Amino acid sequence: AQSVTQPDIHITVSEGASLELRCNYSYGATPYLFWYVQSPGQGLQLLLKYFSGDTLVQGIKGFEAEFKRSQSSFNLRKPSVHWSDAAEYFCAVGDTGGGNKLTFGTGTQLKVEL
Amino acid sequence: DAMVIQNPRYQVTQFGKPVTLSCSQTLNHNVMYWYQQKSSQAPKLLFHYYDKDFNNEADTPDNFQSRRPNTSFCFLDIRSPGLGDAAMYLCATSSGGGAFYGYTFGSGTRLTVV
Numbered sequence: 001a002q003s004v005t006q007p008d009i010h011i012t013v014s015e016g017a018s019l020e021l022r023c024n025y026s027y028g029a030t031p032y033l034f035w036y037v038q039s040p041g042q043g044l045q046l047l048l049k050y051f052s053g054d055t056l057v058q059g060i061k062g063f064e065a066e067f068k069r070s071q072s073s074f075n076l077r078k079p080s081v082h083w084s085d086a087a088e089y090f091c092a093v094g095d096t097g098g099g100n101k102l103t104f105g106t107g108t109q110l111k112v113e114l
Numbered sequence: 115d116a117m118v119i120q121n122p123r124y125q126v127t128q129f130g131k132p133v134t135l136s137c138s139q140t141l142n143h144n145v146m147y148w149y150q151q152k153s154s155q156a157p158k159l160l161f162h163y164y165d166k167d168f169n170n171e172a173d174t175p176d177n178f179q180s181r182r183p184n185t186s187f188c189f190l191d192i193r194s195p196g197l198g199d200a201a202m203y204l205c206a207t208s209s210g211g212g213a214f215y216g217y218t219f220g221s222g223t224r225l226t227v228v
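Quick note, the sequences are listed as chains R and B, same order. Take the first sequence: its letter number 33 is residue 33 in this note's numbering, and every next letter is one higher. If you count the second sequence from 1, you need to add 114 to reach this note's numbering.
Honestly, the hints are just simulated from the structure, not real lab data. Wrong hints could be hidden among the right ones.
Lysine to any residue pairs mimicking SDA-like chemistry, simulated, CA-CA at most 20 Å apart [what the hints assert, rightly or not]: (1) K152/B x P7/R; (2) K49/R x S26/R; (3) K158/B x I9/R; (4) K61/R x V112/R; (5) K158/B x R77/R.
No experiment lies behind these values; they were computed from the predicted model shown.
The task is simple: from the sequences and hints, build the whole structure.
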């Protein structure tokens, strides 16, 4: 069965610093990978997704993610963090054989220090 | 704007008293999902509808039921809420290729059981 691991439960960065959130996946075939962001008390918003092709994917709000098959990773990055980026971030893998479902990681809570 | 709307945003119910959460969508997506999200945990899929076909996850308690009277609406019924059912409930939709394209989420309903 597919699974997603986000090894960092909490991360704190200073505003203006760079950010990298880690995601490792387990999936038997070509993965479809996603990053979502959840602000407090809100639903999840799609940041970006990877299907195939270029391994560097651009998303909304200045985020990007790089797919590395050899490391089974799909890390999320942002060159310069803004205070409004404080939120919880979820990585997910799509299971095309199991009802087109997404399996989510446990999330990384991002705190931004001013 | 096309969107997924969940009502109410906050719901307080008594232990053992049936409660219904509502989700509507203007996207005309044929798949609707219900996720349960407890604090600091990954969203957990309860069930989903592909058109009128109901798909229950194996570990979803019998206490949780769902109805989809038409394409636009889907309801989550909790027959006898326990304290452990307090959580954020997220509704999501997809056009059938959720594993490929991701989901569109509503803002969630925060359920409190007293």
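Quick rundown of the hints versus the structure:
1. K152/B x P7/R: holds (18 Å)
2. K49/R x S26/R: This hinted pair holds, its Cα atoms lying about 16 Å apart.
3. K158/B x I9/R: The hint holds at about 17 Å.
4. K61/R x V112/R: Holds: K61/R and V112/R sit about 15 Å apart, inside 20 Å.
5. K158/B x R77/R: violated (25 Å)
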